[in-house]
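Modelling step: build the complete structure from the supplied sequences, incorporating the hints.
Residue numbering for the sequence shown is 1 to 408, as defined by UniProt numbering.
Just so you know, these hints were derived from the structure itself, not from any lab. All values reported here derive from a predicted model rather than from experimental measurement. C-beta atoms are modelled at their ideal positions from N, C-alpha and C, and glycine is treated no differently. One should not assume that every hint holds.
Unchecked claim - Restricting the straight-line Cα-Cα distance to at most 25 Å, the calculated cross-link-like pairs of lysine-lysine (DSS-like) are:
{"hint": "1", "residue 1": "268", "residue 2": "313"}
{"hint": "2", "residue 1": "300", "residue 2": "268"}
{"hint": "3", "residue 1": "279", "residue 2": "313"}
{"hint": "4", "residue 1": "139", "residue 2": "116"}
{"hint": "5", "residue 1": "384", "residue 2": "368"}
{"hint": "6", "residue 1": "300", "residue 2": "313"}
{"hint": "7", "residue 1": "116", "residue 2": "158"}
{"hint": "8", "residue 1": "113", "residue 2": "178"}
{"hint": "9", "residue 1": "113", "residue 2": "2"}
{"hint": "10", "residue 1": "178", "residue 2": "127"}
{"hint": "11", "residue 1": "389", "residue 2": "268"}
{"hint": "12", "residue 1": "132", "residue 2": "178"}
{"hint": "13", "residue 1": "2", "residue 2": "384"}
{"hint": "14", "residue 1": "113", "residue 2": "132"}
{"hint": "15", "residue 1": "178", "residue 2": "139"}
Claimed, not checked - So the derived label-pair ranges between C-beta atoms look like this:
{"hint": "16", "residue 1": "135", "residue 2": "398", "range": "40 to 50 Å"}
{"hint": "17", "residue 1": "84", "residue 2": "334", "range": "36 to 46 Å"}
{"hint": "18", "residue 1": "2", "residue 2": "135", "range": "35 to 45 Å"}
{"hint": "19", "residue 1": "293", "residue 2": "154", "range": "36 to 46 Å"}
{"hint": "20", "residue 1": "362", "residue 2": "176", "range": "18 to 28 Å"}
{"hint": "21", "residue 1": "293", "residue 2": "78", "range": "21 to 31 Å"}
{"hint": "22", "residue 1": "208", "residue 2": "294", "range": "38 to 48 Å"}
{"hint": "23", "residue 1": "285", "residue 2": "205", "range": "44 to 54 Å"}
{"hint": "24", "residue 1": "93", "residue 2": "334", "range": "39 to 49 Å"}
{"hint": "25", "residue 1": "398", "residue 2": "341", "range": "22 to 32 Å"}
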Amino acid sequence: MKYLQQSSVLQKKFSEQVNEKNSANRDEFKQSIKSNFNNNFIGEFAGFFFDIKQFKNQFKGKLGETIISFLLKSLPDSWVMFSNAIIPASSGRFTEIDHLIIGTQGVFLIEVKAWKGSYSAYKDQWKMRDGKHWVPLSKSPSEQSRYHQQVFTEWIHKQVADLPSDFITAPVVFTLTKWIGTNQCSVPVVQGSIALMQLIQDTPVRLNLQQVQAISDAVQYYLPSDNAVEEKVSNLETIKKPKIEIVKKSKIEPKIERVESQESAIFKQAIDDVLNWLKNLPQTSDLQIVETQPEYQAQKIDLLLTTNKGTFKIKITPDSCNTTENFFFETNPSGAFMSSQADWLFYYFVNSRLLYLLPLPETRNWLKDNLNQFSSKVIDNENKKIIGKLVSINDLIENINEARVIRL
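Structure, rendered in structure tokens:
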């Protein structure tokens, strides 16, 4: 089992959303107490108790999640897990899943409840035992898990093509509950970590390893951004050029001066994928491959992209895979990264089709200022040793404001 993390940028965005919601709930709770007792002091004191209750709930939840996480380590090495995975929901908001597991048996969106006591549920309507009585619960854990399943299903099918229709399971697992009785709930409900493992093991194979990798990449490299690809590209800018504007117009078939390259197959694949994406953007008016023209070879520039706001010079850096969660930047002063006169570096992982749009001058200056923080690596390439740095993707995205990532 591999443990993966999402971008710190995404985690920060979600944290802001949670803090905003908690603040609103806290204020509502205080106001309710003030109104009931007609006393401002009691209302302020109630805010303190609200914070204590929130902390206790978080502690209990983390304890239950840790127990589950420890047991899931026994799953095969080809499986991956994200704890507290963040996925997009509606209206620009996010939702969090306690454990998101991806393997050949499918995707499991695990909701962990560290509740004590006894519970019953019928068709997602839950009750808790209080002495001799059963008290209805206002929040249904199975409905919550079903919601996670719905939003994840809708999102992942937009990210990865040709997935089966029934590969996502969203179980609720109770770790500390004394007794549970459920009937006709919309998602599986299990008691204890052993029952959860049995559920996973009994699930038939639904995904191949390539699909597991593609789904994992989609989750790991998801970043909050606007829905339209064109809006992401509108952030391309240089110091002397304003941002590219979005112009709603009929589709233009750009003039592409393609010159046959002697570069490797991976570079040709990267060029083709990026070209197919750029030429279909509404703001593209001209697109040229110039990587073999002497003038642009000297400047280490591969593409010229012309829009209504000018021409942008682009350098493409292909990478065969992103299993290390790092960029590799050559640090030789005469190498492409250090000497290119391009406005933008398009760093493309061919296997996952993830394209990172990096403002090259800003990215280069940031790396120079932080060179000692990253480990060095030597790559043998056609009898030539290339010396460079392995740079954390998350660190770079967090520090370079204009950096963007999309899936082609």
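Would the pair residue 139 and residue 116 pass a check requiring their Cα atoms to be no farther apart than 25 Å?
16 Å, holds
So the hint says 21 to 31 Å: do the beta-carbon atoms of residue 293 and residue 78 match that?
For residue 78 against residue 293, whose Cβ atoms are near 45 Å apart, the range 21 to 31 Å is violated.
Status of the given 36 to 46 Å range, CB of residue 154 versus CB of residue 293:
Hint holds: Cβ distance 45 Å, inside 36 to 46 Å.
CA of residue 300 to CA of residue 313, is that 25 Å or under?
10 Å, holds
Outcome for the supplied range 38 to 48 Å, where the beta carbon pair is residue 208 and residue 294:
45 Å, holds
Sort out whether residue 384 lies within 25 Å of residue 2, counting only the CA atoms.
33 Å, violated
Given the hint that residue 113 pairs with residue 132, test it: the Cα-Cα distance must not exceed 25 Å.
Cα-Cα ~23 Å, so holds.
A range of 44 to 54 Å was offered for this pair. Does it hold for the Cβ distance of residue 285 and residue 205?
48 Å, holds
Check whether the Cα positions of residue 132 and residue 178 lie no farther apart than 25 Å.
15 Å, holds
Kindly confirm whether 18 to 28 Å is satisfied by the beta carbon distance between residue 362 and residue 176.
49 Å, violated
With 35 to 45 Å as the target window, see if residue 2 and residue 135 comply at their CB atoms.
Taking Cβ atoms as reference, residue 2 and residue 135 lie about 42 Å apart, which means the hint holds.
Against the 25 Å threshold, does the CA-CA distance of residue 300 and residue 268 hold or violate the hint?
This hinted pair holds, its Cα atoms lying about 16 Å apart.
The structure does not agree with the numbered hints 7, 13, 20, 21 stated previously, though it agrees with the rest.
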